[in-house]
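Trainee: Place chain X on chain W using the hints.
Protein chains: 2
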Amino acid sequence: MLENIKPMDIEKRSFEIITALLGDKKLAPENELVIKRAIHTTADFDYADNLVFSDGAVQKGLAALRSGCDIVTDTQMAKAGINKTILAKLGGQVHCFMSDEDVAQEAKQRGVTRAIVSMERAASLEKPCIFAIGNAPTALIQIHKLMNAGKLQPALVIGVPVGFVNVIESKELIIQSSAPYIVARGRKGGSNVAAAICNALLYQITR
Amino acid sequence: MLENIKPMDIEKRSFEIITALLGDKKLAPENELVIKRAIHTTADFDYADNLVFSDGAVQKGLAALRSGCDIVTDTQMAKAGINKTILAKLGGQVHCFMSDEDVAQEAKQRGVTRAIVSMERAASLEKPCIFAIGNAPTALIQIHKLMNAGKLQPALVIGVPVGFVNVIESKELIIQSSAPYIVARGRKGGSNVAAAICNALLYQITR
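Order-wise, the sequence lines are chains W and X. Residues in the first sequence are numbered from 1 upward in steps of one, following this note's numbering. Residues in the second sequence are numbered from 1001 upward in steps of one, following this note's numbering.
For reference, chain W alone in the conformation it holds in the complex (with noise of 0.2 Å):
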């Protein structure tokens, strides 16, 4: 039975049913937005238990935004994803370098993901930057080497990369690192969590 709703009360319906599917499942309210973006995007509640955020790292990823940093992202369909609208207002941009011809040649010449060339072409941006990975987790591994060799400080990793190689001892990386970390723990994730997780953060500070 087709329920009869207006395009602009659909998405606020749809939190209030995941609200009510969450039953007595405590979420700390500073991550609470986040979580139920993340369900919201999936239909999968097992973002209920694995998504682990450091201290304060919602605070920090909204503060700097607040101060205009820009995303980096390893996927295009991510950065489809990600709201630019309200991005740019704040000042910031998305940058996606896994498609740049000269990323795609250098890995090959290297042997490597272009994942990790990208995030070295990242560690050159001059302002601060949120990491939202959702593919790649060398782009975690390569995020972390980076910043052991004191040549990366992220604002906040969105560390949500999906899958079976390498893809939990990555998240695990970003977890034990110093970074402020928002972390799907185990093999989900994906890009449309990344852009998730980035739209949550965005809408609390303006929509």
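Incorrect hints may appear among the rest.
Covered by chain X, according to a simulated footprint, are these stretches of chain W (three or more residues, beta-carbon under 8 Å) [said to hold, decoys possible]:
| # | region |
| --- | --- |
| 1 | 108-114 |
| 2 | 164-171 |
| 3 | 183-195 |
Under the rule of at most 25 Å between Cα atoms (straight-line distance), these lysine-lysine pairs were calculated in the PhoX-like manner [claimed, not checked]:
| # | chain 1 | residue 1 | chain 2 | residue 2 |
| --- | --- | --- | --- | --- |
| 4 | W | Lys108 | X | Lys1089 |
| 5 | W | Lys145 | W | Lys60 |
| 6 | X | Lys1026 | X | Lys1036 |
| 7 | W | Lys84 | X | Lys1084 |
| 8 | W | Lys108 | W | Lys151 |
| 9 | X | Lys1108 | W | Lys84 |
| 10 | X | Lys1108 | W | Lys12 |
| 11 | W | Lys127 | W | Lys84 |
| 12 | X | Lys1127 | X | Lys1089 |
| 13 | X | Lys1025 | X | Lys1012 |
| 14 | X | Lys1006 | W | Lys145 |
| 15 | W | Lys60 | W | Lys89 |
| 16 | W | Lys6 | X | Lys1108 |
| 17 | W | Lys60 | W | Lys36 |
| 18 | X | Lys1060 | X | Lys1026 |
| 19 | W | Lys108 | X | Lys1084 |
| 20 | X | Lys1127 | X | Lys1060 |
| 21 | X | Lys1026 | X | Lys1012 |
| 22 | W | Lys89 | X | Lys1108 |
| 23 | X | Lys1145 | W | Lys6 |
| 24 | W | Lys127 | W | Lys60 |
| 25 | X | Lys1036 | X | Lys1012 |
| 26 | W | Lys108 | X | Lys1006 |
| 27 | W | Lys108 | X | Lys1012 |
| 28 | X | Lys1151 | X | Lys1127 |
Bear in mind the hints are in silico, worked out from the structure with no lab data behind them. Computed from a predicted model, the values in this text were never measured in an experiment. Backbone N, C-alpha and C define an ideal beta-carbon position, used for all residues, glycine too.
Mentor: Quick look at chain X alone, frame taken from chain W:
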């Protein structure tokens, strides 16, 4: 413990792990690559159960793509995720009307979703199309209406919107229709799954 693996081998290794984790689960051979790619994209094994296929859906999708059909989708994220290089070699392109200014205006005036207006636009395309719907249940409902009115005959409907309002019902409409379909029954799906299913078809033709 990080696994040392070459970039080009990561996907192959991922599919081996998925196959191992599926264990004794029986998948119809013609649907197997679609199901495994949906799992690869989400790390969510629910797709081994919730993906349902009309008779010969995969073969019909492959035939349409080989004949140079276009793909219509309801999100820029799915458009970003579909392999447009392979599609173009076959003579096709991806359409997404959701961000078109005139679509937004007409939707506002009529008090309907942009997805509804977008599907009406798509129905006037003169080429056969595969519809890959990863977000808006109203897109599936409108496709169903247009088919019933004799105004649309999709080559294949990939019906995988995600969410909590009218999502389940919209998918059942497609399952009961005369269209060839690949549908993720229930609440789950997403732009990433829509793109993954398109790519699972494209990669069977050429890669």
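Trainee: All the hints need checking, so say for each whether the structure fits it.
Mentor: Hints, verified against the model:
1. 108-114: n = 4 at 8 Å, threshold three: holds.
2. 164-171: Holds: 6 residues of the region 164-171 of chain W have a Cβ under 8 Å from chain X.
3. 183-195: holds (count 8)
4. W/Lys108 <-> X/Lys1089: 23 Å, holds
5. W/Lys145 <-> W/Lys60: 22 Å, holds
6. X/Lys1026 <-> X/Lys1036: 12 Å, holds
7. W/Lys84 <-> X/Lys1084: 23 Å, holds
8. W/Lys108 <-> W/Lys151: Within the cut-off at roughly 23 Å; holds.
9. X/Lys1108 <-> W/Lys84: Cα-Cα ~21 Å, so holds.
10. X/Lys1108 <-> W/Lys12: This hinted pair holds, its Cα atoms lying about 18 Å apart.
11. W/Lys127 <-> W/Lys84: The given pair, whose Cα atoms are some 17 Å apart, holds under the 25 Å limit.
12. X/Lys1127 <-> X/Lys1089: 16 Å, holds
13. X/Lys1025 <-> X/Lys1012: 20 Å, holds
14. X/Lys1006 <-> W/Lys145: 18 Å, holds
15. W/Lys60 <-> W/Lys89: 19 Å, holds
16. W/Lys6 <-> X/Lys1108: 11 Å, holds
17. W/Lys60 <-> W/Lys36: Answer holds: W/Lys60 to W/Lys36 is near 19 Å, not above 25 Å.
18. X/Lys1060 <-> X/Lys1026: 22 Å, holds
19. W/Lys108 <-> X/Lys1084: 21 Å, holds
20. X/Lys1127 <-> X/Lys1060: Holds. X/Lys1127 to X/Lys1060 sits at ~15 Å (cutoff 25 Å).
21. X/Lys1026 <-> X/Lys1012: 20 Å, holds
22. W/Lys89 <-> X/Lys1108: Judged against 25 Å, a Cα distance of about 23 Å means the pair holds.
23. X/Lys1145 <-> W/Lys6: 18 Å, holds
24. W/Lys127 <-> W/Lys60: 15 Å, holds
25. X/Lys1036 <-> X/Lys1012: 12 Å, holds
26. W/Lys108 <-> X/Lys1006: Since the Cα atoms of W/Lys108 and X/Lys1006 sit roughly 11 Å apart, the hinted pair holds (cutoff 25 Å).
27. W/Lys108 <-> X/Lys1012: Distance of about 18 Å is within 25 Å: holds.
28. X/Lys1151 <-> X/Lys1127: 13 Å, holds
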